[in-house]
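Chemist: Sequence:
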Amino acid sequence: MLNNYDQETPDFYRWENSLTQSEIKELLLNKVGIDVGDVLDLIPVERGVSGRLIRMKIVGSKNSITIGKELEIRKALSKSHLYSSAFVVEKRMNPDRANKAPESFVLRGAGWGHGVGLCQIGAAVMSTRGYHYEEILAHYFPSAKLERIY
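According to the numbering used here, the sequence shown holds residues 1 to 150 in order.
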């Protein structure tokens, strides 16, 4: 459930990113440095307990690669980086081109960040409203105790 601060920025709660075949091939070549050819599939290999991808297999017509951890996946599939690695993949096929590579891939995801319990957007909204960092941390981690260790 989103708290009030998170609800002010619902675009990050659920998001969608569409990549054409040419866009995803270019991203992989530029970000990972490998020409996989036509991208045939994006297969989740491993997910963490929060559902975030830890490893993903990219099946291409020339090469197949497995990438991970989550930040590498987020960077490889976006010009900057995806909001999170908590996403599912939908392949969009052209029915007129049976047995060919998908025309595009739609990534449908949730959240923004690493999934450790602090909504970055909600924390930013709280900060702009004058909440101190201790109050923000207490909001997201109510049983945590802040201690000076140095």
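Just so you know, these hints were derived from the structure itself, not from any lab. Do not rely on the hints blindly, as some may be mistaken.
What the hints assert, rightly or not - Straight-line distance between alpha carbons at most 30 Å, and here's what the computed DSS-like set of lysine-lysine pairs gives: (1) K75 <-> K91; (2) K57 <-> K31; (3) K62 <-> K25; (4) K91 <-> K62.
To be verified - If you anchor each label on the Cβ, the simulated ranges turn out as follows: (5) S22 <-> R148: 26 to 36 Å; (6) K69 <-> E90: 21 to 31 Å; (7) K57 <-> A138: 38 to 48 Å; (8) P142 <-> K57: 37 to 47 Å; (9) K100 <-> Y131: 31 to 41 Å; (10) E135 <-> R92: 37 to 47 Å; (11) R47 <-> N99: 24 to 34 Å; (12) T66 <-> R148: 41 to 51 Å.
Heads up, the beta-carbon is just placed ideally off N, CA and C, and yes, glycines get one too.
Chemist: Take the hints in turn and mark each one as holding or not.
Modeler: Tested hints:
no. : hint                      : in the structure
1   : K75 <-> K91               : holds, 20 Å
2   : K57 <-> K31               : holds, 15 Å
3   : K62 <-> K25               : holds, 11 Å
4   : K91 <-> K62               : holds, 19 Å
5   : S22 <-> R148: 26 to 36 Å  : violated, 53 Å
6   : K69 <-> E90: 21 to 31 Å   : holds, 23 Å
7   : K57 <-> A138: 38 to 48 Å  : holds, 41 Å
8   : P142 <-> K57: 37 to 47 Å  : holds, 39 Å
9   : K100 <-> Y131: 31 to 41 Å : violated, 53 Å
10  : E135 <-> R92: 37 to 47 Å  : holds, 45 Å
11  : R47 <-> N99: 24 to 34 Å   : holds, 29 Å
12  : T66 <-> R148: 41 to 51 Å  : holds, 42 Å
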